[in-house]
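For reference, the chains in residue letters:
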Amino acid sequence: SQTIHQWPATLVQPVGSPLSLECTVEGTSNPNLYWYRQAAGRGLQLLFYSVGIGQISSEVPQNLSASRPQDRQFILSSKKLLLSDSGFYLCAWRTGGGVYNEQFFGPGTRLTVL
Amino acid sequence: GNSVTQMEGPVTLSEEAFLTINCTYTATGYPSLFWYVQYPGEGLQLLLKATKADDKGSNKGFEATYRKETTSFHLEKGSVQVSDSAVYFCALSDFGNEKLTFGTGTRLTIIP
Chain A
757 SQTIHQWPAT
767 LVQPVGSPLS
777 LECTVEGTSN
787 PNLYWYRQAA
797 GRGLQLLFYS
807 VGIGQISSEV
817 PQNLSASRPQ
827 DRQFILSSKK
837 LLLSDSGFYL
847 CAWRTGGGVY
857 NEQFFGPGTR
867 LTVL
Chain B
549 GNSVTQMEGP
559 VTLSEEAFLT
569 INCTYTATGY
579 PSLFWYVQYP
589 GEGLQLLLKA
599 TKADDKGSNK
609 GFEATYRKET
619 TSFHLEKGSV
629 QVSDSAVYFC
639 ALSDFGNEKL
649 TFGTGTRLTI
659 IP
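Residue numbers (the numbering used here), protein chains in the order written: chain A, 757 to 870; chain B, 549 to 660.
In short, the hints are calculated from the structure, not lab data. Using N, Cα and C, we set each Cβ at its ideal position, and we do this for glycine too. Just so you know, not all the hints are guaranteed correct.
What the hints assert, rightly or not - SDA-like mimics (lysine to any residue), calculated; alpha carbons at most 25 Å apart, straight line:
id: 1; chain 1: B; residue 1: 600; chain 2: A; residue 2: 836
id: 2; chain 1: A; residue 1: 836; chain 2: A; residue 2: 819
id: 3; chain 1: B; residue 1: 647; chain 2: A; residue 2: 799
id: 4; chain 1: B; residue 1: 608; chain 2: A; residue 2: 799
id: 5; chain 1: B; residue 1: 600; chain 2: A; residue 2: 851
id: 6; chain 1: B; residue 1: 647; chain 2: A; residue 2: 813
id: 7; chain 1: B; residue 1: 608; chain 2: B; residue 2: 589
To be verified - Computed footprint of chain A on chain B, listed as stretches where at least three residues anywhere in the stretch have a Cβ under 8 Å from a Cβ of chain A:
id: 8; stretch: 559-567
id: 9; stretch: 611-622
Work the whole structure out from these sequences, hints included.
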């Protein structure tokens, strides 16, 4: 069966510090991968998605970046965090192609920027 | 473009009450429709889905019917429990689009 992991689970970082959040998927090959952010009490905002290694689509201009160095690994980074980067970050995967395929979400990383 | 409109929350109900959370959509193609649930502090879980008109998705006592004529996918449950307290998201997936389009979410609180 497929599983998705995210770490760390929680993170407290000072403004201006770098960020690296990692997401890995097990039990599937060539998945689509997604990063979302959820601000407190708000809906989901799609940040990046990837349909293959090295292929990244950015949905929202910001100081975050994403990379996919391996088929089942998706990394969210920042060189300098802003207060507004605080939120709940969710990684998701989906079988590539096909309109009927739902996304499966990881447990999330709660980031607080102070 | 695609869009999903959900009932504004928060919604507060008493235990054993009947629940309806409205969801309507706009899509350029013939989408699949989903309901996700997010319990406090957790990621989203797929609750149910429907892939064609008149399909009924169901799970854990929740149901939603894909209504193409009204472009709706309302979530219903006959008797809610305290454990159903969560945020519910309606979403659609359209052919040729690698992304899901989500509604803004509806926070549901069930009081004993």
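*Compare the structure with the hints numbered earlier in the document and write down the numbers of the violated ones, lowest to highest.*
1, 8 and 9
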